[in-house]
Amino acid sequence: MAALAVGRPVKTVLTREQLSVVAGYRTPTIQRIRLGAETDGHLLAVSHVSFEQASLTGDHCEYPAAPTRTMYAAPNRETRHWQVRLHVPSPTWMRAPGECPGMFALESAMDELAVACSLDPVELRLRKDTANDPHSGRPFSTRNLAACLRLGAERFGWAERDRLACDTLVATLCALCEEG
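Numbering (full-length UniProt numbering), first residue to last: 1 to 180.
Don't read these hints as lab results, they were simulated from the structure. Among the clues, some could well be false.
[Claimed, not checked] With beta-carbon atoms standing in for the labels, derived distance ranges: (1) H135 x R85: 51 to 59 Å; (2) A175 x M94: 16 to 24 Å; (3) T92 x E123: 17 to 25 Å; (4) E17 x T39: 41 to 49 Å; (5) C148 x M94: 20 to 28 Å; (6) L44 x C148: 40 to 48 Å; (7) R138 x A45: 16 to 24 Å.
Values in this document were obtained by computation on a predicted structure and should not be read as measured data. From the three backbone atoms N, C-alpha and C, an ideal C-beta is built for every residue, glycine too.
Sequences and hints are given; from them, build the entire structure.
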């Protein structure tokens, strides 16, 4: 409309705050992840419960716990999503699918599990890779997670990293991502 009014192209610049009002925002989430494991890192239980706010009129749900269903196998598994309806504008996708905050929470928990079990985070994830979808039991049509993780670790120099750097403001971390 502005271009029509002035008869030429118009460039619009919005602040981050203005963008959230005009185009939506990522809903805040509260997530609780619990992992039960043997001392060797073998997962016995995975629980991922998420709460997210929603508007009274919208139906947007990000399902942040969804990737937990397919990332790591465990005999005892739970994922739940709760929406808390509030008098707020309707949230929407923001720079990434809703799995993004859920994967961050899950991978943070996996890093903590690796530390608690005195395991390398990459090695823990390689041990937990599976050929079958833990949720459906069906084989994955393609799953190159282990090969990708090994190649990434090699190219990044994971084995040579400073393991003590995690006590400083600069650290080397490991995280995976998937979109269902």
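Going through the hints against the structure:
1. Range check, H135 to R85: Cβ separation about 27 Å, and the 51 to 59 Å hint is violated.
2. Checked against the given bound of 16 to 24 Å, the beta carbons of A175 and M94, roughly 19 Å apart, stay inside it.
3. Roughly 38 Å separates the CB atoms of T92 and E123, a value that falls outside the hinted 17 to 25 Å.
4. At about 48 Å, the CB distance of E17 to T39 agrees with the hint of 41 to 49 Å.
5. The hinted range of 20 to 28 Å is satisfied by C148 and M94, whose Cβ atoms lie roughly 26 Å apart.
6. Distance hint check: the CB atoms of L44 and C148 are about 26 Å apart, inconsistent with the given range 40 to 48 Å.
7. For the hinted restraint 16 to 24 Å between R138 and A45, the CB-CB distance of approximately 22 Å keeps it satisfied.
Checked against the numbered hints above, the structure breaks hints 1, 3 and 6 and satisfies the rest.
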